[in-house]
Amino acid sequence: RELFENLHRARGPLAKAKLLQDRFSISSAREGQYIVKILTGDLRIGLREGLVEEAIATAFDVPLDQVKQANMLLGDIGETAALALRKEVHQAQLSLFRPIKCMLATPLPSAESVWQRFVDVGDTNGGSAFATHPTIFLEDKFDGIRAQLHHSADRVEIYSRDLRRITGQFPELVDQARNFQEKLIVDGEIIAFEEGRRLTFFDLQKRLGRKSDGEDLFARAAADVPVAFVAFDLLWLNGESLLRTSLRERRARLSEVRLPPQFQIAKVVSARSAAEIEQAFRQARRHLNEGLMIKDPESLYLPGTRGMFWFKLKKELATLDVVVVAAELGHGKRNNVLSDYTFAVRDETTGGLLRIGKAYSGLTDAEIAELTEHFKQNTLADHGRYREVKPDIVLEVAFNSIQPSARHASGLALRFPRIKAIRRDKNVDSIDTLQYAHELAARDAQIQQSVSPEVA
466 RELFENLHRA RGPLAKAKLL QDRFSISSAR EGQYIVKILT GDLRIGLREG LVEEAIATAF
526 DVPLDQVKQA NMLLGDIGET AALALRKEVH QAQLSLFRPI KCMLATPLPS AESVWQRFVD
586 VGDTNGGSAF ATHPTIFLED KFDGIRAQLH HSADRVEIYS RDLRRITGQF PELVDQARNF
646 QEKLIVDGEI IAFEEGRRLT FFDLQKRLGR KSDGEDLFAR AAADVPVAFV AFDLLWLNGE
706 SLLRTSLRER RARLSEVRLP PQFQIAKVVS ARSAAEIEQA FRQARRHLNE GLMIKDPESL
766 YLPGTRGMFW FKLKKELATL DVVVVAAELG HGKRNNVLSD YTFAVRDETT GGLLRIGKAY
826 SGLTDAEIAE LTEHFKQNTL ADHGRYREVK PDIVLEVAFN SIQPSARHAS GLALRFPRIK
886 AIRRDKNVDS IDTLQYAHEL AARDAQIQQS VSPEVA
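Converting from the sequence shown to this note's numbering requires adding 465 to each position, the first position being numbered 1.
Simulated from the structure, these hints should not be mistaken for laboratory data.
Be a bit skeptical, because a hint or two may be false.
[Stated by the list, open to error] Listed next, the in silico PhoX-like pairs over lysine-lysine satisfying Cα-Cα at most 20 Å (straight line):
id, residue 1, residue 2
1, K777, K732
2, K891, K855
3, K732, K779
4, K502, K481
Throw the hints in and build the complete structure from the sequences for me.
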């Protein structure tokens with residue numbers, strides 16, 4: 466504890482480094498290992514935060530739902546425990562500069578299936594509000610970074626979907642946000658956009674994670690990759706939490722906020738049938754947006770949940786048949802199985818395998834266990850958590866888009882790759898080629914250049 470308190474008080478990286486050097490010099494290898502794990506938040510012991518919440522509720526005899534709500538609003542499990550000790554968890558409130566988890570949308574395959582969900586809810590509720598006024602809200606789904614912006618009279622912060630502070634990556638948005646007249650918390654999307662055309666998500670990624678000693682890379686990136694903040698929800702305004710307010714009212718309040726330059730409000734249209742949803746989806750795709758968001762106008766804001774109030778339609782995903790060339794131990798409950806797979810396509814010219822991406826979602830626990838045993842028995846080089854494996858497992862991998870990248874030997878990168886299936890009917894000779902992957906990338910680029918996008 467003394468080490469961490471001293472690190473907290475230390476000023477500057479050199480002072481902190483000296484404290485760590487001194488501690489490591491008197492620590493055993495195992496002690497040093499866990500100091501690093503604690504500092505990086507990477508214990509990998511499979512302990513979910515939900516289990517800690519359950520422990521707090523049991524230890525202090527308070528309702529679990531109140532503990533979960535308090536931890537969601539505070540973003541600090543330690544402070545939540547302190548409130549539970551004092552029987553005050555019910556007093557937790559949404560406040561500035563404590564980011565909360567985003568409300569999420571449930572994916573559905575078609576406009577008809579989305580519309581039917583709302584019809585079913587109306588029938589279940591006795592045909593109440595929806596039967597009388599069968600209207601839902603539609604917004605384009607943007608291909609950017611989900612972000613939460615907090616503004617007070619003297620401070621601006623931007624947080625990512627996973628609650629990381631990303632204020633420094635977007636200094637021009639921060640400068641413009643200082644012009645808000647209200648104190649507020651806004652939910653929205655940061656997109657790469659310059660006058661006349663929308664840039665790609667891969668362009669936007671250039672703004673993240675850049676570091677350099679003595680050089681302002683962010684200022685240079687701001688010129689290379691201009692961005693806009695598209696707001697679609699208002700969570701807190703001038704001291705008032707709007708989480709328990711309907712989306713209809715939140716949007717009305719948001720429309721009254723005067724926006725500074727580089728800030729826009731997502732356009733909302735109403736729909737009263739599956740046909741209107743389908744028409745709006747096709748329009749969103751023509752605007753080069755990722756798909757369509759469909760929202761219940763009476764829905765409350767439910768942080769961190771993926772319920773039956775918001776839905777999303779996205780374009781049909783492209784797929785590649787690839788071969789696994791490396792496997793890595795996962796995290797949390799998967800820290801003892803090989804669940805993260807690096808995969809490759811074949812270069813038609815040379816016959817070699819060139820890496821094109823990595824995926825860790827889409828398979829069942831049983832399939833992962835099966836592949837773990839297979840890869841352990843077919844390891845070419847063991848590097849601890851990571852091992853190169855015999856290329857004999859073919860996967861069908863779906864992805865949102867494919868674009869040029871220096872990250873992989875193939876010169877391409879997939880966005881949001883996920884495993885669709887193990888192709889047991891295929892061997893390494895039948896995987897897709899680098900040339901085909903380039904054709905998909907060229908098709909993406911051609912569409913990007915030929916369509917005039919609409920942002921809001």
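Against the structure, the hints:
no. : hint        : result
1   : K777 - K732 : 16 Å, holds
2   : K891 - K855 : 15 Å, holds
3   : K732 - K779 : 18 Å, holds
4   : K502 - K481 : 16 Å, holds
Going down the numbered hints, you'll see the structure goes against none, and every one checks out.
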